[in-house]
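Protein chains: 2
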Amino acid sequence: MARVQPLSGFPEWTPQERLVEAHVIGTLREVFALHGFGEIETRVVEPVERLAGDSDASKEIYAIGRLNADPDADRKEAKLGLHFDLTVPFARYVEENQGRLQFPFRRYQIQKVWRGERPQEGRFREFYQADIDVVGRDTLPEHLEAEVAIVMARALRALPLPPARMHLNNRGLVEGFYRGVGIVDVAGALRSVDKLDKIGPDGVREELHGKGVNPEAVDAILELAAIQTPDGSFVDLVEALWDHSPIVEGADDAREQFDRGARSLAALVDAVNAAVPETAIADLRIARGLDYYTGAVYETVLEGHEDLGSICSGGRYDSLVAGGGFPGVGMSIGVSRLVSRMLGAGLATASRSVPQAVLVAVTDEEHRAASTAIADRLRTRGIPTEVSPNAAKFGKQIQYADRRGIPFVWFPAAGDGTSPDGEVKDIRSGEQTPADADAWVPPTEDLNPRIVRG
Amino acid sequence: MARVQPLSGFPEWTPQERLVEAHVIGTLREVFALHGFGEIETRVVEPVERLAGDSDASKEIYAIGRLNADPDADRKEAKLGLHFDLTVPFARYVEENQGRLQFPFRRYQIQKVWRGERPQEGRFREFYQADIDVVGRDTLPEHLEAEVAIVMARALRALPLPPARMHLNNRGLVEGFYRGVGIVDVAGALRSVDKLDKIGPDGVREELHGKGVNPEAVDAILELAAIQTPDGSFVDLVEALWDHSPIVEGADDAREQFDRGARSLAALVDAVNAAVPETAIADLRIARGLDYYTGAVYETVLEGHEDLGSICSGGRYDSLVAGGGFPGVGMSIGVSRLVSRMLGAGLATASRSVPQAVLVAVTDEEHRAASTAIADRLRTRGIPTEVSPNAAKFGKQIQYADRRGIPFVWFPAAGDGTSPDGEVKDIRSGEQTPADADAWVPPTEDLNPRIVRG
Numbered sequence: 210m211a212r213v214q215p216l217s218g219f220p221e222w223t224p225q226e227r228l229v230e231a232h233v234i235g236t237l238r239e240v241f242a243l244h245g246f247g248e249i250e251t252r253v254v255e256p257v258e259r260l261a262g263d264s265d266a267s268k269e270i271y272a273i274g275r276l277n278a279d280p281d282a283d284r285k286e287a288k289l290g291l292h293f294d295l296t297v298p299f300a301r302y303v304e305e306n307q308g309r310l311q312f313p314f315r316r317y318q319i320q321k322v323w324r325g326e327r328p329q330e331g332r333f334r335e336f337y338q339a340d341i342d343v344v345g346r347d348t349l350p351e352h353l354e355a356e357v358a359i360v361m362a363r364a365l366r367a368l369p370l371p372p373a374r375m376h377l378n379n380r381g382l383v384e385g386f387y388r389g390v391g392i393v394d395v396a397g398a399l400r401s402v403d404k405l406d407k408i409g410p411d412g413v414r415e416e417l418h419g420k421g422v423n424p425e426a427v428d429a430i431l432e433l434a435a436i437q438t439p440d441g442s443f444v445d446l447v448e449a450l451w452d453h454s455p456i457v458e459g460a461d462d463a464r465e466q467f468d469r470g471a472r473s474l475a476a477l478v479d480a481v482n483a484a485v486p487e488t489a490i491a492d493l494r495i496a497r498g499l500d501y502y503t504g505a506v507y508e509t510v511l512e513g514h515e516d517l518g519s520i521c522s523g524g525r526y527d528s529l530v531a532g533g534g535f536p537g538v539g540m541s542i543g544v545s546r547l548v549s550r551m552l553g554a555g556l557a558t559a560s561r562s563v564p565q566a567v568l569v570a571v572t573d574e575e576h577r578a579a580s581t582a583i584a585d586r587l588r589t590r591g592i593p594t595e596v597s598p599n600a601a602k603f604g605k606q607i608q609y610a611d612r613r614g615i616p617f618v619w620f621p622a623a624g625d626g627t628s629p630d631g632e633v634k635d636i637r638s639g640e641q642t643p644a645d646a647d648a649w650v651p652p653t654e655d656l657n658p659r660i661v662r663g
Numbered sequence: 210m211a212r213v214q215p216l217s218g219f220p221e222w223t224p225q226e227r228l229v230e231a232h233v234i235g236t237l238r239e240v241f242a243l244h245g246f247g248e249i250e251t252r253v254v255e256p257v258e259r260l261a262g263d264s265d266a267s268k269e270i271y272a273i274g275r276l277n278a279d280p281d282a283d284r285k286e287a288k289l290g291l292h293f294d295l296t297v298p299f300a301r302y303v304e305e306n307q308g309r310l311q312f313p314f315r316r317y318q319i320q321k322v323w324r325g326e327r328p329q330e331g332r333f334r335e336f337y338q339a340d341i342d343v344v345g346r347d348t349l350p351e352h353l354e355a356e357v358a359i360v361m362a363r364a365l366r367a368l369p370l371p372p373a374r375m376h377l378n379n380r381g382l383v384e385g386f387y388r389g390v391g392i393v394d395v396a397g398a399l400r401s402v403d404k405l406d407k408i409g410p411d412g413v414r415e416e417l418h419g420k421g422v423n424p425e426a427v428d429a430i431l432e433l434a435a436i437q438t439p440d441g442s443f444v445d446l447v448e449a450l451w452d453h454s455p456i457v458e459g460a461d462d463a464r465e466q467f468d469r470g471a472r473s474l475a476a477l478v479d480a481v482n483a484a485v486p487e488t489a490i491a492d493l494r495i496a497r498g499l500d501y502y503t504g505a506v507y508e509t510v511l512e513g514h515e516d517l518g519s520i521c522s523g524g525r526y527d528s529l530v531a532g533g534g535f536p537g538v539g540m541s542i543g544v545s546r547l548v549s550r551m552l553g554a555g556l557a558t559a560s561r562s563v564p565q566a567v568l569v570a571v572t573d574e575e576h577r578a579a580s581t582a583i584a585d586r587l588r589t590r591g592i593p594t595e596v597s598p599n600a601a602k603f604g605k606q607i608q609y610a611d612r613r614g615i616p617f618v619w620f621p622a623a624g625d626g627t628s629p630d631g632e633v634k635d636i637r638s639g640e641q642t643p644a645d646a647d648a649w650v651p652p653t654e655d656l657n658p659r660i661v662r663g
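Line by line, the protein sequences give chains U and S. Each residue of the first sequence is one higher than the one before, starting from 210 at the first, in our numbering. Each residue of the second sequence is one higher than the one before, starting from 210 at the first, in our numbering.
Heads up, some of the hints might be wrong.
No distinction is drawn between identical chains; accordingly, a pair holds when it is met within one copy or between any pair of copies.
Mimicking DSS-like on lysine-lysine, the simulated pairs with C-alpha atoms at most 27 Å apart in a straight line are [as the list claims (entries may be wrong)]:
no., residue 1, residue 2
1, 268, 288
2, 420, 404
3, 288, 321
4, 268, 321
5, 420, 268
6, 268, 605
7, 404, 268
8, 605, 407
9, 407, 268
10, 407, 420
Rather than coming from a laboratory, the hints here were simulated on the basis of the structure. This structure is a prediction, so every number in the text was calculated from the model and none was measured.
Using the sequences and the hints, build the whole thing.
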């Protein structure tokens with residue numbers, strides 16, 4: 210048997226670290242439910258042909274197969290792979306269950322996903338994602354683009370994180386502008402602009418030239434991408450840009466799409482900032498690679514942790530499923546990447562490594578039942594409690610609690626005390642007082658492990 | 210693209226069904242933490258050579274591989290498979306992190322596992338398991354065998370299930386007896402007795418004869434397996450059985466092991482029944498196939514659902530890891546099988562399909578902000594709320610709430626009402642009253658979806 214060792218890209222946490230991850234997931238669930246999103250979970254596998262639809266991600270698919278395959282039986286079954294995001298399985302779930310779901314369907318989903326990437330610094334092969342989407346049947350009101358962003362902004366604020374800034378854009382605005390300056394392959398141009406952070410304006414310029422876009426149009430595109438305002442004031446800037454850009458003949462339709470997108474983006478930025486102040490920025494650079502999006506697009510950057518890239522992204526799409534008819538809007542948080550940074554940068558820690566607030570000491574093995582009875586009376590009132598595994602000297606039992614961060618040790622009565630249930634000691638202060646197991650409560654902040662901001 | 214369809218063995222739930230599953234998992238987490246068990250999660254993959262250690266389960270391993278494999282890079286990496294239980298990964302986790310963990314280490318773990326079985330009625334290929342274990346370093350006190358069973362019995366009682374009966378046995382008792390009647394291959398005999406339910410006493414008799422066990426010893430073994438008492442009274446029965454069984458020469462050592470096991474099992478049954486009345490039964494038939502176990506062994510049957518087999522099993526083992534030195538005791542619940550039965554047999558349902566208690570109606574799109582403001586004031590006080598996606602006629606908006614089981618619809622003030630925040634209607638009773646969005650609360654039972662016993 211090979212020595213055990215961590216697998217690159219498959220993170221695991223200690224029990225104390227897991228408390229932070231569980232807190233993050235629990236907080237997201239609470240905020241999502243508070244805003245009327247219901248939960249689903251999907252199986253982790255999908256037919257490979259369905260997963261492979263997206264060409265970029267298909268390189269990263271993990272296929273699965275039974276180790277002792279039975280060729281006859283297995284040939285009849287579809288080849289399966291692990292999902293690499295929660296959108297592909299959600300689309301399949303909606304298609305499969307459309308007759309049983311109520312639309313607009315508001316769902317959240319927090320599950321692990323897998324990507325068979327080459328392992329490298331900070332890249333996970335297994336990680337949690339948390340998605341929310343609202344999907345309509347045939348139509349979906351535009352105001353839900355703001356709602357989804359607001360829910361995510363509130364979820365991020367509820368976590369032990371520095372401020373998050375949402376960079377918002379609108380595909381219609383961008384597409385209208387691109388068409389206005391005569392670009393035919395709008396999707397191709399968007400993919401180039403999406404690389405601004407990686408290859409810089411000169412790199413993008415070169416790519417666009419290579420794609421046959423004329424220099425004046427490229428300049429206009431890069432000017433558009435440079436516009437960023439914390440409110441609706443970008444509208445004047447983009448309108449002025451249109452007016453002095455090399456607009457092609459017969460661009461009325463493009464102009465209309467551009468104006469509609471600008472109004473929509475201004476309303477979105479205002480609505481998000483009204484609900485969660487100082488969160489949203491209109492950022493005309495945001496492109497999001499996927500062809501999929503048709504309205505609002507979102508990226509989110511964590512102050513002081515810009516190197517993480519976008520921690521929460523998404524957008525508005527015309528249809529969730531290939532056949533059409535299910536317009537929606539959604540965003541996705543990369544939970545494991547966030548948790549990994551929280552732990553690595555000391556942004557959050559759990560106040561102890563175990564759930565229990567109390568260790569009930571055992572005087573000697575003959576009297577173990579007395580300690581167990583006290584523990585059960587505490588548990589009945591919701592106080593997480595452990596009974597000492599052994600009847601070692603009390604000093605040793607205190608040490609046992611101390612090593613795990615258990616704040617209180619309860620000493621059952623030896624028969625000679627003033628309290629029939631004995632005494633409880635706060636092992637941090639050393640203070641020891643007689644206590645009643647049906648009444649004593651630890652201070653609220655000691656009841657359960659707390660998540661402490663770093 | 211193939212039509213979407215369910216995959217046999219990969220269960221998925223509707224949002225309303227998922228509420229039941231989430232309730233089960235949440236309840237288990239609470240009970241485990243209340244008893245001082247901390248949570249870990251492990252990656253879902255392990256090296257195949259590690260998974261394949263157990264010959265029986267190895268047939269069911271799902272291996273994973275990158276779809277677009279890079280033979281050069283991939284050759285250097287261990288072949289990976291999805292875990293088929295939570296014991297193998299837990300053992301590896303303990304071995305890997307032994308320097309960072311405190312022993313005895315009390316952990317719970319609730320994760321999906323995968324088994325590439327031939328799909329058949331009620332067999333899942335993907336399902337949740339919930340495990341608790343206490344693992345010592347070198348030693349582990351016997352009283353933890355009772356503690357683990359008590360925690361699991363309480364967890365099952367906290368769920369919307371009929372009474373569960375734990376059938377307990379002790380490997381030492383059985384092994385001592387088998388050795389006493391001259392059986393050399395104790396593990397082989399145990400594997401045969403483990404099939405009692407499937408092949409009956411005659412089938413077991415035939416198997417044991419085939420393994421060379423003499424007829425008198427087989428009779429004695431089957432007599433032992435027939436003993437079942439709801440308390441420690443089995444001790445007299447097994448002692449009497451020993452006395453009239455064909456005991457071999459020089460069985461003093463075996464007798465000692467037998468007696469020690471009997472005392473231990475009697476103490477276990479008493480302790481479990483003292484903590485959770487009418488739960489434990491000494492059942493000398495319980496064998497548990499695995500060689501692994503050395504002390505207490507547990508199986509659990511749900512009253513009226515005996516066809517499910519054991520829903521919660523486990524035992525005491527000498528070492529969690531191959532190298533030795535980590536004695537422990539643990540039990541595992543088959544969560545998905547339980548949830549599937551709860552849903553299928555109508556044992557539990559969620560009181561509604563969505564988390565929100567209130568739908569705030571929208572008078573017209575111009576006044577949407579007023580509805581959103583009311584919703585946010587309710588959310589601030591923890592009341593899950595949705596704002597109507599459209600400003601349809603109020604009748605339509607009430608229908609929207611009704612279809613989802615949302616009990617309350619809030620109508621913002623039209624400016625002419627007595628209450629500045631408008632009125633709230635219980636759409637079940639039709640009762641409508643003026644309300645203050647900073648003070649109104651729904652009845653406690655309507656705040657969140659309730660799990661209703663069937």
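### Task
Sort out which numbered hints this structure fails and list those numbers smallest first.
6, 8
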